[in-house]
Amino acid sequence: MTPTFPYLTTLVLLPAGAGIVAALVPRSLGERTQRLAVEAVGLAGTLATLALAIAIIIGFHAGDGGYTMVSRHSWVPTLGISWHLGVDGISVFLVLMAAVLFPLALLGARIRHNQRSFVAWVLLLEAGCMGSFVALDLVVFFLFFELTLVPVYFIIAGWGHERRNYAAMKFFVYTFAASAFMLVAIVAVAVIHQQQTGVLTFDLVKLSHTHLSLTAQVLLFLGFTAAFAVKAPIFPFHTWSPDAYAQSPTTGSVVLAAVMAKLGTYGIIRFDLTLFPRAVVDLAPVLLTLGVVGILYGAIVACAQRDLKRLVAYSSLAHLGFIVLGTFALTTEAMTGGVLQMVNHGLVTAALFLLIGWIYSRRGTWQITGLHGLQRPAPILAGVFTVVMLASIGLPGLNGFVGEFLVLAGTFITHRWWAIVATVGVVLSALYLLWAFQQVFHGKATEADASTPDLTWREGLVVAPLVALIVFLGVYPKPVLDRITPSVERLVAHVDRATGTTQPVPGPSHRLAVDPAVKHRSAAVAATATAMNGQSTASSSQATGSNGHAAVVSSSTTGAGFRRFP
Amino acid sequence: MLHVAYLMPLLPLAGFAVLLLVGRRMGDPWAGWLATASVTGAFVVACVVFAGLLGRPAGPDREFTQILFTWIPVGALQVKAALLIDPLSMTMALFVTGVSALIHLYSIGYMKDDKDYPKFFLYLNLFVASMLVLVLANNLLFTFVGWEGVGVCSYWLIAFWFERDSAATAGKKAFIYNRIGDAGFLVAMFLIFDKTGTLDYRGVFAHLGAFGPGAATAVCLLLLLAAAGKSAQIPLFPWLADAMEGPTPVSALIHAATMVTAGVYLLCRMSPMLALSPDARIVIASLGAVTAFVAATIACAQQDIKKVLAYSTISQLGYMFLAVGTGAYEAAIFLMVAHAFFKGLLFLGSGSVIHGLDGEQNLKRMGNLRRYLPLTFVTFTIAWLAIAGIPPLSGFWAKGDILDNAFARFPALWAIGLVTAALTAYYMSRLGALAFYGGDRWEEALSGKGGNGGATGHAHSPHESPVVMLVPLVVLAFLAFFGGALALPWHPSFDPLGWLAPVFGSALYNAHLTGSTEWVLGVVDSVVALGGLGVAMRLWVRNPERPELEPVFLAKSWRIDDLYDAAIGRPGASLARFTAVVIDDQVIDGAVRGIARLTGATGAGLRRIQTGFVRQYALWIVVGVVGLLAFMLTRAWP
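First to last, the sequence lines map onto chains F and S. Residue numbers for the first sequence follow the working numbering, so the first one is 1 and each next one is one higher. Residue numbers for the second sequence follow the working numbering, so the first one is 1 and each next one is one higher.
Everything labelled a hint here was simulated from the structure, so no lab data went into it. Idealized CB from N, CA, C, for every residue including glycine. Be aware that one or more of the hints could be misleading.
What the hints assert, rightly or not - A short list of chain F residues far from chain S (calculated; beta carbon distances all over 10 Å):
id	residue
1	LEU13
2	VAL21
3	LEU107
4	TYR153
5	VAL184
6	ARG362
7	ARG363
What the hints assert, rightly or not - Once the Cα atoms are required to be at most 30 Å apart in a straight line, the calculated DSBU-like pairs of lysine-lysine come out as:
id	chain 1	residue 1	chain 2	residue 2
8	S	LYS364	S	LYS556
9	S	LYS556	F	LYS444
10	S	LYS112	S	LYS364
11	S	LYS115	F	LYS444
12	S	LYS80	F	LYS478
13	F	LYS444	S	LYS80
Stated by the list, open to error - Far from chain S by the CB rule (all over 10 Å, computed), these chain F residues:
id	residue
14	GLU146
15	ILE368
16	PRO453
One chain only, chain S, in its complex shape (with noise of 0.2 Å):
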């Protein structure tokens, strides 16, 4: 059953390839529905291929190397397309393929009359091919491939729409960003080629010995770079937040559910790496830390709902880093499944609510809508209580996961988490309250135009959108409320967590807590979550105008991006304009333009000499005459 495996990556890359040539033709909506027909059917391969793993012996039999093709052959550098069928890639393939099942769904109705419909469908199939591969690959650079793969997709549909200059530079944003990452990757590729003479996992773990730790950290921190660029952390998260110019559907898949946890992914995938240097693991709890506190805060002080999310997602991101510092590889991907759950739900609840209102995003002139979309309401609070941490829903399983393994290893992180999850829970009700309760303040939203290519209709009160993209919500939130039980020790032979457990062996960390440590943890992570909720509701319900709880300084994300510039935007151009006009045109241009006047004024020079009168020539003879005679007198008479 598992050699079906290739079918995965090859579903969609086939819907891309069909849109690719009669996209166009098909149109509105059958390119949508073939689209959602292919990922579809990856997703059913998922099951089937999962199904056959299962059926095998927990251990090394559960693990299945399929070759496609040798890609890159040559001397020591032999690189193959192939495809490793583990239980970590299999979670990751399967919850990959759902939930883009489900956004694409979705988007059949949320993209309806966009101008580009057919070719929205072919970058979302082409990025879960990459998604596929990158989850799926044997060697860190087939990996690669689905790196950037995803990363051009993200490119694409960040600037979908393209004729608004917004939505162009932030696609091109999120490509830069994307790529100092990528530079990191590469150098930790060549670092480990040539430690190992491999780039394959199972090679690599196998040459460990070969890294003193010095290179392993070197490797570490090479690999946290790229996927701090990939995941959105500190210092690369900027782009996350302006990549909300895409289409929401965008949002929801690749800025919450999938694409952004790959740096997650890669982290879990080279753990044997990663438990060689304990100062790499440090470094990575850290930063998640810090980086979930910090976009934390600056959630609390956002207008626009889907930014909002998307400081919220890097947030829920640094909590995964912070797992993947502590060597808790499991609840980092716990976190993840869930986290792409319900975030993908808050993302495609707030896309149902920018549609409702026909393209507003800003949270001060929503208000009351559980009124008018109430279905979008109620799976909209199953998706915000869970991320709030509210027990029993799935955000409070994972979150706790996290922070008792934090707990247990780095305390002063553990209490940053904690922070983190009261802000958690205060900027998601803030979002609740001032989009759902409170009074009706969308009026102007729906008299005026609304800005969004993707949104239309002229109802002059919200309306709720088509089952197309009611669908996908009802399933999403069935997950997200029962998420938690993946975390269950179901039986034996069905562990969803545990069998996670052989991948990552002895790197794996995991906290022995007594029950008792437990329970008042879980009490405390509950206590924290119901205060942020107790008071964002207090506070926002009545008055959505408080401009002393937003401060600028959070708004404008602690200022980073005016930081960057001012610190590598506008030297860097400054450089690149003198380089070209004084270095380049001046200096190098000049001296050869110098050679070549002095060669021309040479020339004119010795032209004169040229007269044609031979007494002028019988003149410079003697001359000469005397001259060297001269001279050989002072050699001669020293």
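Isolated chain F, as found in the complex (with noise of 0.2 Å):
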């Protein structure tokens, strides 16, 4: 079903288009209106993004969990490279949050100088994001993957705090670096493919059904999370993260830790478990014992950090770990709760790295010790501060809760002992967050602090929309579930096709007797399960004596059987 308007491409264009109309804004205006003149432009641009994003969501309709709006054309043919772009459950709600977020991230921070270039590059950041979220051929995502980096090296090191240039500089190599190995790895997946098949393409969905070796599948998932996992970034790939948040303008900090680090986790899911399938169940006790270490290892940093600009940070570390969980997972709960935040993490970073920024421009300083009792002078401020933060500890009632509630209940099912540690994480959440608002909030303000005025109504106003969806994503999250289910469940159906597992079902094996048509299901399941385990068993170990991927092999096949309790 291709729509008659070409709702993707348009959202790609959009942005960019209009940051080459910022960027075309005459100096000759007068900076007074020059900057009036680029102001408007990059709301205008980013709102009409906006407006895009809920025209897509609106017409955007589950069914099968496929991709939708699907615009492809031939762009290089001689290369196999076409213009694919396509939606489906799981990056949708990406497109509309980064959608969401762009346009507040603009209205939330105010930059002192050069704003038609900042106002440019925040426009073309949006254009690559959205076009990384809909690209369904590797080259375009590449090239919008690797498109991102240049606006936030220039927004960081033009606009940044005193350490930018160092900031910038490590973000730039280190992302660029791991890149590299994607670049590899997506060449060398197409080539494997034209082998085989004669025809040399880079689409997702054609090389999807590339036949390869176990081996070839390790190395080169490797090759594509190397990326990933340094731009989401996923334990112990983060410490260009601290720097880089810390550095960055509050536009630049919001943009990186909101949207740009779901580029990682999102990269994961849509071609790690659509190419790489056996790789993935081999390699997921690694991938979760990473996201389960990062959960504890961002919590416990976090707990000693004195800058409330690193504190999250590291607490948006240990968030990510959830995210990780709920993909290697492969459980439909605990994959839909991984996606589902994406999404709260998105926003409830934002909106923590929004207010922090208003707490810089009022009193100058984002240490921790160097703030105190604010909530008397600004209870507003205070007031939604708190919310937010609720929101990131995970209260029930608001948007954090869902997500980390499906992941834990899902990962629970396949791998009880990491969900177990990773729960600890919930304790230590409130333990730095808490401490962190009691100074910062509480107590007698100091006569600085007892002067700082509280948010302004253009203040109230942008920070509005997050706390409203914080509070509606955690009081009905049913639309947003029943969209990114159908997906989620095709996702993983393609997985257990794919490796010859069979994703366990939580409940008593009595239930499934009861009910024929699931019992038919599970009876046919189950026999090419077993079919299908000797063989990937058979091919894991060969993988073993070729390769020493010794500790890759033992979870290769999860049957239901051996998570029970006695």
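Put the complex together from the two separate chains, hints included.
Structure, rendered in structure tokens:
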């Protein structure tokens, strides 16, 4: 079903075009007029993109969970590159989230110099992010994925804080180096596919049928995941992020942490799971462990931070751990929770960085010890901060809880101990956030703190949509979940088919026997599973022999039986 | 009539929403009256639903599920926001709304002139809504919404006077201790979902066969961890004493009558699960008995009137856990309701005292108040005698019920419970003696500045509280006095405790003691209670200074805070610093910077080779050729 209007192409080109317009606003207008004109272009561009994203979500029908609104045009036919865009339930909400956050990130922070290039970079960045979320061709995805680096580099280096050059360089080199692995892996997949079928293509849908040996899958998986793990970031590839988040101007921090982090986690779900399902199943324990370590490690290091922005950076690492957990648990519940958690994390982190930016613009510091008793002079700021903080802690009724619970409950089904250890992270997140809140907002205000002005109207309007979404997604996430779930189910089924495993179903076994339809399905699945299990174990042990991935093989199949409690 | 049930949580929630929007404009006292009205409305609705339930025949008909909306539907996890109306949830809803309405009324007077008056009622209304969700929810996850909701309201209200550092710290402490328990709740839910594929209470109980003994015990102990956090049992009890930093109505409502009983409620609700694990029940009963005893010893040595009551609450909750572990769920609920009456009253009475003394909370600076606060004294005395277990007041019956059942099942725990009963009578009478008898010792309190933000007034002798504060005292005194009547089998159609029995079914334990045994036990209880009372009055009326009876070890609550600080707090802080400074910065980021430096150094090194002199390049070529030849030679001549 191809809609007549090319929604997704427009979605990518609109912000890019607006960026060019912003860059072309003539200097001759005079400083003030030029600034206003640039701001108007920025706002109009991001709001038009938001309107388009809303139109997409209205026109979106979950259906069977496949891609919709597809536009597919041959682009560089000699190389098999096609302009192939599409959304499914997984990407559509990331698109919407990004579209919501960009105008707020622009409105929520005032840039004091050179607005023209700033707005142009931000708009270009939005185009890159949108393109990454909707691209279904590996080369197109890679182009957009890398395109995002340039604006971020200039935003940090041009408008950042004291150590901006170090942070910008570190960010750029680190992520760029990791992407090189992905580029090699992309080419390798296409070449192997060409050897098998004679067709050179970078189309994700076509490449998903490539037959790859387990060794090839593991190596290519590592290539892709290197790029995504740095981008997200996943522990232990995170050390660029505290520097980059802290040195960025507010807009940059918001976009980096809230939107761009999702390029990494989204990439894993979209590309790793589609292309390398067997490697995903085999390496899941490793990635799950990294996720859990990230949750605990991020929380523990956050406890020792004395700087609000770095604290949020490490808390972000912990929250991304939940997304990793949700992805690699490979159950519908956990993965749906993981996708929802991407949106949740975006909204919450964006709100946190905006609020911290406003504290900075009032008090000129984000040192936790330099702030005290702000709740008395700025009660609304404190109230909004409380709500956002509680969402981050995972209070039921706010959005963070729904995602976290789904991830943990879904992970428990397949990987019990990982889920239990991750639950400890739930305790720790309360520890550092409440401590920071008490230091900054509670207690008697010092003289300097006592005159801190409360939120302005403009700031209130910027943060209000975020708070509204945080509450809405916590109370009534059904419309969102109903659209994510079919796509996740499809993806989990794809992984199951490719590996011959079956997703364990929670509940007593006799429940399956009651429903004849279910019984039929489960019997069939069980039969194929047994047949395939032998196969995949055999090929796994082959891989062990040739490659020494001994640790990798152990969990290649997850039968429902072994995880039962006595 | 049952379908109006949704109004119970909705009315206070609406009150919260209105106060959030226009609370500041309404101000003092209208915000308070609005909040009180919304909770009173919820109480009326609860009465209507209760009547509707009574109108149905006993048994499965007295159970009604109201689905509000689908909350989280993903795969096998289908969670609805739905209410379960049954005798247990309605008992809870009735006393929660009733006591809440009274305490809201009281707060109108108590919080007068506070800077954040509307905000107080905003939190209070949200608390009541959350508490009702907690008790009315039909599945574990929706219960958890209320569970966390009351927790966060408790955090806000403890830290209500946030400019005081001790209050802010106490709020944070409460939240974190509760959070530890919540982890247990979460893992219990994961395990239950994994085993049964559902979180609905009815659905879980229908699939109990899926649990082996190990899994059942695991679930019960995890739920116990959750309950111990919320209900302040060993080892998670230290937060409740600090929670007394909150305004006194908060202590009465949240930290005595309602929220802290949530743990007991959860275990009662999960009674069919508990029935699967005798081991877990023994743990619960022992934990309850030991907590009851330990907290009672601490209460004997406190100087602060509210701290005595806080430890007393922990101790009484311990009794309830003892009852749950025994399987005497009816007795647990009975004490819970009676405790809501008399402990709520004790806190409100102490609030009246604190109000009258301009914020003084130290018992050693009170004395002889029965002359100045007559109505407070009379109502307080009723609650004091009730909790001490003097017949025929409610506490005697409720505590007796628990002790009788324990006697039949766990005699050793019964003995601990009996000693605790003596201590209870002792510490309450010590409090009564120090506050209301003896000489006037409050001059200092009234001449100095009251440190309490909620209390004002500049009278030079203690003054009785305004009418809005006295009405709740009188009503609760009536209930605390006659609450024991709940246990009387009035009539087959109205048997207030017996109507709970169908909820617990076969899980319920009811000791069948002979009439004479019951009489003997009742007499023993009374003698012990009177003994404790007599000893305390003899010791404390005349002489308020008896340091030998207030050992530091008890005053410092068995040094539990020091222990946690030394065992967890300080090592934890060091671990965080070590991880941040050494592991994160030096090891992980060090590796990253190391790779960068290595690349840079390699580049710098290689750059030196590229000199641009052709003869140098030629030299390197020669070196390379020679090297290659040498290599080939070694390979050819092995």
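- Item | Separation of LEU13 of chain F from chain S, once the least beta-carbon distance is taken, above 10 Å | At about 35 Å from chain S, LEU13 of chain F clears the 10 Å cut-off, so the statement holds.
- Is it correct that the beta-carbon of VAL184 of chain F has no partner in chain S closer than or equal to 10 Å? holds, 18 Å
- Minimum Cβ separation between ARG362 of chain F and chain S greater than 10 Å? holds, 19 Å
- Task: Verify the proposed pairing of LYS112 of chain S with LYS364 of chain S, using a straight-line Cα cut of 30 Å.
- Result: holds, 27 Å
- Take a quick look at whether LYS115 of chain S and LYS444 of chain F sit within 30 Å of each other, Cα to Cα. holds, 14 Å
- Task: Test the statement that PRO453 of chain F is away from the interface with chain S: the closest C-beta pair must be farther apart than 10 Å.
- Result: Holds, because the least Cβ-Cβ distance between PRO453 of chain F and chain S comes to about 17 Å, which exceeds 10 Å.
- Hinted pair LYS444 of chain F and LYS80 of chain S, Cα distance within 30 Å: violated, 43 Å
- Message: For a C-alpha distance cap of 30 Å, please report whether LYS556 of chain S and LYS444 of chain F respect it.
- Response: holds, 27 Å
- Task: Mind checking the alpha carbons of LYS80 of chain S and LYS478 of chain F for me, to see if they're no more than 30 Å apart?
- Result: holds, 10 Å
- Item | Minimum Cβ distance from VAL21 of chain F to chain S greater than 10 Å, as the annotation requires | holds, 38 Å
- Could you check that no beta carbon of chain S comes within 10 Å of the beta carbon of ILE368 of chain F? About 14 Å separates ILE368 of chain F from the closest Cβ of chain S, which puts it past 10 Å; holds.
- Query: Are the Cα atoms of LYS364 of chain S and LYS556 of chain S separated by 30 Å or less?
  - Reply: Answer holds: LYS364 of chain S to LYS556 of chain S is near 17 Å, not above 30 Å.
Checked against the numbered hints above, the structure breaks only hint 13 and satisfies the rest.
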